[in-house]
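Colleague: The lines below spell out each chain.
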Amino acid sequence: MAEHISSKKLYITIWAILICFTVITAAVSRVDLGQFSGVVALIIATIKAMLVVLFFMHVKYISEKMTLIVIIAGVFWLLILMVLSMTDYASRAWT
Amino acid sequence: MAEREVEIVLPHHVEGLQHHFADLEQQREASTMGMWVFLITEVMFFGGMFLAYLVYRRMYYQAWVVGSEAMDFWFGTVNTVILICSSLTMALAVRASQLGHRRALVILLIVTMIFGIGFMTVKGVEYHGHWLKHEFPGPSFHFEGPYEQQVEIFFSLYWAMTGFHTLHVLIGIIIIGFVAYFGWRGDYTPANHNTVENVGLYWHFVDTVWIYLYPLLYLISHSHPFK
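Just so you know, the sequences run in chain order R and B.
Mapping of the first sequence onto this note's numbering: position 29 corresponds to residue 29, and the numbering continues sequentially without gaps.
Positions in the second sequence are counted from 1; adding 1000 to them yields this note's numbering.
Hints are not guaranteed to be accurate.
[As the list claims (entries may be wrong)] Within a straight-line C-alpha distance of at most 16 Å, the following computed EDC-like cross-link-like pairs (lysine to aspartate or glutamate) qualify: (1) Lys1133(B) - Asp1072(B); (2) Lys1133(B) - Glu1144(B); (3) Lys1133(B) - Glu1152(B); (4) Lys60(R) - Glu3(R); (5) Lys1123(B) - Asp1072(B); (6) Lys60(R) - Glu1197(B); (7) Lys65(R) - Glu1029(B); (8) Lys8(R) - Asp88(R); (9) Lys60(R) - Glu1029(B); (10) Lys1133(B) - Glu1069(B); (11) Lys65(R) - Glu1025(B); (12) Lys1123(B) - Glu1144(B).
These are calculated hints, taken from the structure and not from any lab test.
Please read all numbers here as calculations on a predicted model, not as lab measurements.
Start from the sequences, fold in the hints, and give me the full structure.
Modeller: Rendered as structure tokens:
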């Protein structure tokens, strides 16, 4: 398959959304959300990261399955590292 | 035994095609996949530090709040905006190379480098401030306030994570400089510009790491009821 070429308009739209989310996350951090401030900030960061990876890094348009497997395996590994480790720490009463 | 006729097909010479690939298409896909394998090793590299951050944040939560308060909100926010803008110019540079617009490619790469240098300048000013306040871990570490020892762990992670991130920005700027020179020389064509694509992937990855560092270090522990 031929290489996908995104339009300039799409890139600028993604950039504008990223700037908006940056302003939102900065503004929200000034509001007292208690325990949820971390969760909200990380959700916004993940949305921003997804936009960068899908559109700027062209993952949305990758046709080669082997490349997708590499990326999915990498993300899955990161989830194992974070989720299993934190579950361990959260469920051990003596730490 | 009768001799058999063997037809030897010599590959046609294609500009920029390495002989072990069937065609430019296959070469491009292999190059993208190789770059992603490298980026996954980078995910593992930074992933370990992010995990250490989360584990210690959980253990010494109060110290994390105090440490986060010592961060300058505006340095972090301005640098986030700078990096997002640099990602846009980088994405447009890759697009220019896809279309074979040599002039636009070189200009956009140089603008990306300027954003990168801007990021490092802000970071340098910020580091200088922390250094003067003895907020660098080690024998000279000093912190006015509670939980000094645990806050030192916060600062160790702060320096390690942002330090390695800034090192990646520096390496990115240098590589972009070479790619801009090669692009100006006319090395890249719409059919063969894997190097530009890959340096773009690298730059966006570095941006993604900062997208997570920004809330973790500068935002989340502020204005918390336990303060």
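Colleague: Against the earlier hints, flag every one the structure doesn't satisfy and list their numbers going up.
Modeller: 8 and 12
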